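**Student:** Residue numbers (the working numbering), protein chains in the order written: chain A, 4 to 70; chain B, 2 to 252.
Honestly, I wouldn't trust all of these hints.
[Claimed, not checked] Over the 12 Å line for every Cβ pair with chain A, so calculated as not near, a few chain B residues:
hint : residue
1    : Gly26
2    : Ile101
3    : Asn180
[As the list claims (entries may be wrong)] PhoX-like mimics (lysine-lysine), calculated; alpha carbons at most 25 Å apart, straight line:
hint : chain 1 : residue 1 : chain 2 : residue 2
4    : B       : Lys8      : A       : Lys27
5    : A       : Lys27     : B       : Lys224
6    : B       : Lys167    : B       : Lys245
[Stated by the list, open to error] To be clear about the criterion: a stretch of chain A counts as covered by chain B if any three or more of its residues have a C-beta under 8 Å from a C-beta of chain B, and this derived list gives those stretches:
hint : segment
7    : 9–20
8    : 57–66
Please keep in mind that the hints were generated in silico from the structure rather than gathered at the bench. Source: prediction; values computed, not measured. Built from N, CA and C at the ideal position, the CB exists for glycine as well.
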Amino acid sequence: MAKVTFDENLCKGCGLCVGACPKKIVKLKTEINIKGYHPAHVEDQSACIGCAFCATMCPDCVITVEK
Amino acid sequence: MATVFSKPEALTDAPLHYCPGCTHGIIHRLVAEAIDELGVRGRTIGVASVGCSVFTYNYFNCDMVQAAHGRAPAVATGVKRSDPNNIVFTYQGDGDLAAIGTAETVHSAARGENITVIFVNNAIYGMTGGQMAPTTLPGQVTQTSPYGRDVNTVGYPVKVCEMLSKVDGATYLERVAVNNVKNVRAAKAAIKKAFQNQIEGKGFSLIEVLSTCPTNWGMTPDKALGWLEENMIPYYPLGVYKDKYAESEVK
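Starting from the given sequences, assemble the full structure and let the hints guide the process.
**Tutor:** This is how it looks when you write it as structure tokens:
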């Protein structure tokens, strides 16, 4: 099983990870982070395949992927 | 569980100041990953340019110098020649490299300086607020070309890789993009090769990375990636424009 963690307070909510996820499980939160952006997070962790596409497209190195 | 993706060591923990969705962050990471994988961080010296990328000295976890506008290849020449054991790279935008720094770029290539140049082309002046750049596409609307770039009055975009491919001193020239995962991975391989060339003493390598500027293009980060693919890649085709050593291997 793969695990994705987001450093949410570094996230700028650009959504590039949302578009890159082949499983469509990365979403932007409705709450805001310390910077005032809607950070990305994974809703259904069990569906994650650990491909790291989200992290590859993240401009801010917010995402860590473990497998 | 093994970590399959995390922040490279060659980046500091400083949060990037770039706008949301700006692909500078991806390109920073690719350069940092290449430095880490080649194990040269301790002897790498980067040269920051002027533009949005001026603060790269805060982000790369190696020695950095900040050069005057467009002069990064000239400064890199001095840094490299003073101690050829150093791995020296410049990180420049299109306003820096293809406008005010054209002379330095062409002549450092002509001299065959053993440096690595990372050229980020987003077809606009980002930091100053979205003015027309030398690389702005024909018809592209910017702050200073509100009716679209008119090639009859301001001329045509500068195609840096094509131009430098005719310079004998240049060793390796490739144009890549960061609009999707596949292209990001290809960009990583190209950047790593450019550093590898320098380690092997092969000479001047320049990687042109097609990038986005969602803020000044006036679109969302996601749409900006699409705009890059639909408009920039047809005008600036991806690929290797020169590889001196591959040619000699074929012959």
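**Student:** Can you list which hints this structure breaks, lowest number first?
**Tutor:** Per hint list: 1 and 3 violated.
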